[in-house]
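Protein chains: 2
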Amino acid sequence: MSLENYASIIGDSKINEIYAKARRLQGTRILHINSTNQGGGVAEILRSLVPLMNDAGLEADWRVLHGTPDFFEITKKFHNGLQGRAFNLSEYKKQLYVDTNRTFSSYCHIDADCVVVHDPQPLPLIKFYKKNGPWIWRCHVDLSNPAPDLWEFLKTFVIRYDMTVVSSEAYCKKCLPLEQRIIYPAIDPLSLKNRELSKGDMLKYIRKAGIPTDKPLMTQVSRMDIWKDPEGVLEVYKQVKKQVDCRLLYCYDMASDDPEGRIVLDRMRRKAKKFIESGDVLFVQGCKQVLVNAIQRFSDVLVQKSKKEGFCLTVTEALWKGKPVVGSRVGGIPHQLVEAENGFLVDPNDTKAFADRVVELLKNPKLAEQLGRRGKETVRENFLMTRLLTDYLDMLTDILPGRNGHCTACGHPLPVATAAATAAAAAV
Amino acid sequence: MSLENYASIIGDSKINEIYAKARRLQGTRILHINSTNQGGGVAEILRSLVPLMNDAGLEADWRVLHGTPDFFEITKKFHNGLQGRAFNLSEYKKQLYVDTNRTFSSYCHIDADCVVVHDPQPLPLIKFYKKNGPWIWRCHVDLSNPAPDLWEFLKTFVIRYDMTVVSSEAYCKKCLPLEQRIIYPAIDPLSLKNRELSKGDMLKYIRKAGIPTDKPLMTQVSRMDIWKDPEGVLEVYKQVKKQVDCRLLYCYDMASDDPEGRIVLDRMRRKAKKFIESGDVLFVQGCKQVLVNAIQRFSDVLVQKSKKEGFCLTVTEALWKGKPVVGSRVGGIPHQLVEAENGFLVDPNDTKAFADRVVELLKNPKLAEQLGRRGKETVRENFLMTRLLTDYLDMLTDILPGRNGHCTACGHPLPVATAAATAAAAAV
Chain A
1 MSLENYASII GDSKINEIYA KARRLQGTRI LHINSTNQGG GVAEILRSLV
51 PLMNDAGLEA DWRVLHGTPD FFEITKKFHN GLQGRAFNLS EYKKQLYVDT
101 NRTFSSYCHI DADCVVVHDP QPLPLIKFYK KNGPWIWRCH VDLSNPAPDL
151 WEFLKTFVIR YDMTVVSSEA YCKKCLPLEQ RIIYPAIDPL SLKNRELSKG
201 DMLKYIRKAG IPTDKPLMTQ VSRMDIWKDP EGVLEVYKQV KKQVDCRLLY
251 CYDMASDDPE GRIVLDRMRR KAKKFIESGD VLFVQGCKQV LVNAIQRFSD
301 VLVQKSKKEG FCLTVTEALW KGKPVVGSRV GGIPHQLVEA ENGFLVDPND
351 TKAFADRVVE LLKNPKLAEQ LGRRGKETVR ENFLMTRLLT DYLDMLTDIL
401 PGRNGHCTAC GHPLPVATAA ATAAAAAV
Chain B
1 MSLENYASII GDSKINEIYA KARRLQGTRI LHINSTNQGG GVAEILRSLV
51 PLMNDAGLEA DWRVLHGTPD FFEITKKFHN GLQGRAFNLS EYKKQLYVDT
101 NRTFSSYCHI DADCVVVHDP QPLPLIKFYK KNGPWIWRCH VDLSNPAPDL
151 WEFLKTFVIR YDMTVVSSEA YCKKCLPLEQ RIIYPAIDPL SLKNRELSKG
201 DMLKYIRKAG IPTDKPLMTQ VSRMDIWKDP EGVLEVYKQV KKQVDCRLLY
251 CYDMASDDPE GRIVLDRMRR KAKKFIESGD VLFVQGCKQV LVNAIQRFSD
301 VLVQKSKKEG FCLTVTEALW KGKPVVGSRV GGIPHQLVEA ENGFLVDPND
351 TKAFADRVVE LLKNPKLAEQ LGRRGKETVR ENFLMTRLLT DYLDMLTDIL
401 PGRNGHCTAC GHPLPVATAA ATAAAAAV
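First to last, the sequence lines map onto chains A and B.
The numbering used here puts the first sequence at residues 1 to 428.
The numbering used here puts the second sequence at residues 1 to 428.
Hints listed in this document are in silico derivations from the structure and should not be mistaken for laboratory results.
Watch out, some of these pointers could steer you wrong.
A pair holds if it fits inside one copy or across any two, identical chains being indistinguishable in the list.
[Stated by the list, open to error] Once the Cα atoms are required to be at most 30 Å apart in a straight line, the calculated DSSO-like pairs of lysine-lysine come out as:
#1 K242 with K363
#2 K174 with K363
#3 K215 with K238
#4 K288 with K94
#5 K208 with K174
#6 K173 with K273
#7 K173 with K271
#8 K130 with K21
#9 K77 with K288
#10 K204 with K76
#11 K307 with K242
#12 K288 with K76
#13 K238 with K274
#14 K204 with K94
#15 K21 with K363
#16 K366 with K130
#17 K76 with K307
#18 K14 with K273
#19 K94 with K208
#20 K366 with K215
#21 K127 with K288
#22 K155 with K174
#23 K131 with K376
#24 K94 with K199
#25 K76 with K208
#26 K131 with K173
#27 K215 with K307
On a predicted model such as this, the values are computed, not experimentally measured, just so you know.
The task is simple: from the sequences and hints, build the whole structure.
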């Protein structure tokens, strides 16, 4: 995919702005490191962002930490711990976490101009390299209330970085003595998950997945994760079902670094047994992106009853498809949903309010359509991959020596011609 | 892990030989690419080989192709097809296979001096790079009788390479116009899977896995794969059980690039239902290396009833632990087992002969011990990671320009001093 493909969505002038911003960064080697290439929002972002960075003239790479099942079990606990759930942070866990990173460093030489490390799994990597340029920790997790001992431990790695990037002002940490930047994540409107789908194709995928089409559908698309509150979704559905005959579809994804998912799914299946048997509650594994696309487009209401969220790209995806969304007032959801403007925001513990909003939308398709239309424009303006790329280019220009058009010695701004001449001289 | 740790196993002089061979390759950048970092012999080899290459002074890296479930479903069919099982090689499959490689190339810049591509999954990568030095295709699969249309298709990529490396003379292809080299794979005697284990630790892991210790144990350690013939193993067990009261343990591993495994396991479970209920047939997922280690050490006889094998490192592992092995006369197994010398070799279709040999070993512990002792020496001599490293160093010296002590212009051998001077001059 290249940048010109986005022109019909965001307009030529924004594409041109990207090329202009990328000009000073030509050939700059950016390395992204995360811990999975399958499942979860970070992998999806990198799958689009890295090729677009290359298309803009940078030299972007993406490497995936080699984890083991043991490692991912521990980092899942870390993930939960960062979101406030206490656990026993044993020396063994700390050591295996650090050792896995140390081992990976011996498979992976780095000589990039800038390294972007995503999320806590590869955070300690920085300890095992001689830095060659700035390292940035891009944390996609809600950091507002982490388990204190875990944060103290992780901070020893974070302070080695040159900058952190988080998804919300609320996740900035006063205790950190380094620059913290807020960049909202984004979706790719041209990915299999988000691109336009004809009605015929949509129905083909829906039928192929065994989803009946005879009743309205309320849907949550999420990992099987306690923070997404799948059991709360079931409670909402039970209340909705008393007022409107509809189905609940839970479309889940199993990421290779999420060993907890299966346990949550089994518990859900037990709790929803009666409805599963009657065919009113459906679990669909959304391992194919295009199926998730079809499901979001086919659903009548999308809910997102999360208790914690980094940013919540599934809300973004639903809005981009012009769908009405009822979401929790947590994490990045209020950055996207404006109450009664382009969706509904509800307290995550208020099951009744959730159900009421879903019923309202199921009974009033005109309202649903109106909210959805406005939601799509919100996403076009703020949450597409091209905007994320722009933010990355700004960040790199600011952090990389000599790229921001200021004299590297005194910090004085250089006229563009001089900056170009300097670059040309350096290249000789 | 560093080379000196192996001195007590193979002796100082072999370690010194490795350092000497590595001398001309100092700083040479070698990049290994395969398709999984978890499960399967290739990942295990790279986990040890890459750090040892670095320890010897090369700059070795290891990257993993980003596959999707769809991709791995197709490449599993390719794997089976290379081993002779026909399938429908559709245009769609070809395209998804190539496209996944193309996509990965946009996440992964390469400027290594030599690239080693392992197995068919990342084979097409070479098409998407400007070569900077030799590329080697290291195929671990039995190539003696591939499905013709598949081989024709894959060959279009293979001929772009500078050399192929296979695990047996029988896998060399007359139709290939490039250098083909045979390198046997190897095991790491210091990995969690192979290192010494005290009797107490061994029993701790055996008990923790729920394995009863009151009857002799015949074991196969393998992926759940039709080529490993798990159902044949069950047939052998049924015949053995009539003569000696023992248990069958099938210790399997699910690799992330092997979607077929679960289907085979379910079928096995149905077929062995009666024995599973009586507790005489056990399936243990060997996701922890140390558990596999304990299981191999605790078993009385190891069988390997494969119908096809690349090389078969599970036989190597068992031999290294001083265990008697009854293996099929296929793939690399006869390279390791010498009939009645250090184990028993049997026709893969001769269930009775397999059972007879197992019974013989269960009834004659002295013979079992003797074969096992000799087997361990076979492995020490031929199949340890240090020997594999040596072979790699030889191969790199031969294939990399200017490293083999011959004049790069006329091919005339240079005296060592001149070669060193040339290198020093080049470094200025």
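Hint by hint, here is what the structure shows:
When the C-alpha separation of K242 and K363 is checked against a cutoff of 30 Å, the pair qualifies only within one copy, where the shortest distance is 13 Å, while the shortest distance between copies is 70 Å. Proximity of K174 and K363 under a CA criterion of 30 Å is satisfied in neither setting, with 46 Å inside one chain copy and 71 Å between copies. Only within a single protomer do K215 and K238 lie at most 30 Å apart by alpha-carbon distance; the minimum there is 15 Å, versus 53 Å between protomers. Taking the shortest Cα distances, K288 and K94 sit within 30 Å of each other only across copies (19 Å), while inside one copy they are farther apart (35 Å).
In this homomeric assembly, K208 and K174 never come within 30 Å of each other (Cα to Cα): the closest approach is 50 Å inside a single copy and 46 Å across copies. Neither within a single protomer nor between protomers do K173 and K273 lie at most 30 Å apart by alpha-carbon distance, with minima of 43 Å and 57 Å respectively. In this assembly of identical chains, K173 and K271 lie within 30 Å of each other by CA distance neither inside one copy nor across copies; the values are 39 Å within and 58 Å between. Proximity of K130 and K21 under a CA criterion of 30 Å is satisfied in both settings, with 29 Å inside one chain copy and 28 Å between copies.
In this assembly of identical chains, K77 and K288 lie within 30 Å of each other by CA distance both inside one copy and across copies; the values are 27 Å within and 19 Å between. Taking CA atoms no more than 30 Å apart as the test, K204 paired with K76 passes between copies only; the shortest distance there is 27 Å, against 36 Å inside one copy. When the C-alpha separation of K307 and K242 is checked against a cutoff of 30 Å, the pair qualifies only within one copy, where the shortest distance is 24 Å, while the shortest distance between copies is 59 Å. In this assembly of identical chains, the alpha carbons of K288 and K76 lie at most 30 Å apart whether taken from the same copy (23 Å) or from different copies (18 Å).
Taking the closest pair of Cα atoms, K238 and K274 come within 30 Å of each other only inside a single copy of the chain (11 Å); across copies the shortest separation is 43 Å, beyond that limit. For a Cα distance limit of 30 Å, the shortest separation of K204 from K94 across copies, 24 Å, qualifies, whereas the shortest one inside one copy, 48 Å, does not. Neither within a single protomer nor between protomers do K21 and K363 lie at most 30 Å apart by alpha-carbon distance, with minima of 47 Å and 77 Å respectively. Taking identical chains as interchangeable, the C-alpha atoms of K366 and K130 are never at most 30 Å apart, the minima being 59 Å within one chain and 56 Å between chains.
When the C-alpha separation of K76 and K307 is checked against a cutoff of 30 Å, the pair qualifies only within one copy, where the shortest distance is 16 Å, while the shortest distance between copies is 40 Å. Proximity of K14 and K273 under a CA criterion of 30 Å is satisfied in neither setting, with 50 Å inside one chain copy and 64 Å between copies. Taking identical chains as interchangeable, the C-alpha atoms of K94 and K208 lie at most 30 Å apart only when they sit on different chains, with a minimum of 23 Å there against 45 Å within one chain. Taking CA atoms no more than 30 Å apart as the test, K366 paired with K215 passes inside one copy only; the shortest distance there is 18 Å, against 72 Å between copies.
Only between protomers do K127 and K288 lie at most 30 Å apart by alpha-carbon distance; the minimum there is 27 Å, versus 37 Å within a single protomer. Within a single copy, K155 and K174 get their C-alpha atoms as close as 12 Å, which meets the 30 Å cut-off; across copies the closest is 59 Å, which misses it. In this assembly of identical chains, the alpha carbons of K131 and K376 never lie at most 30 Å apart, being 42 Å within a copy and 44 Å across copies at closest. For the homomeric pair K94 and K199, the shortest alpha-carbon distance between copies (28 Å) is at most 30 Å, but the shortest distance inside one copy (50 Å) is not.
For a Cα distance limit of 30 Å, the shortest separation of K76 from K208 across copies, 24 Å, qualifies, whereas the shortest one inside one copy, 33 Å, does not. For the homomeric pair K131 and K173, the shortest alpha-carbon distance inside one copy (24 Å) is at most 30 Å, but the shortest distance between copies (46 Å) is not. Taking the shortest Cα distances, K215 and K307 sit within 30 Å of each other inside one copy (28 Å), while across copies they are farther apart (51 Å).
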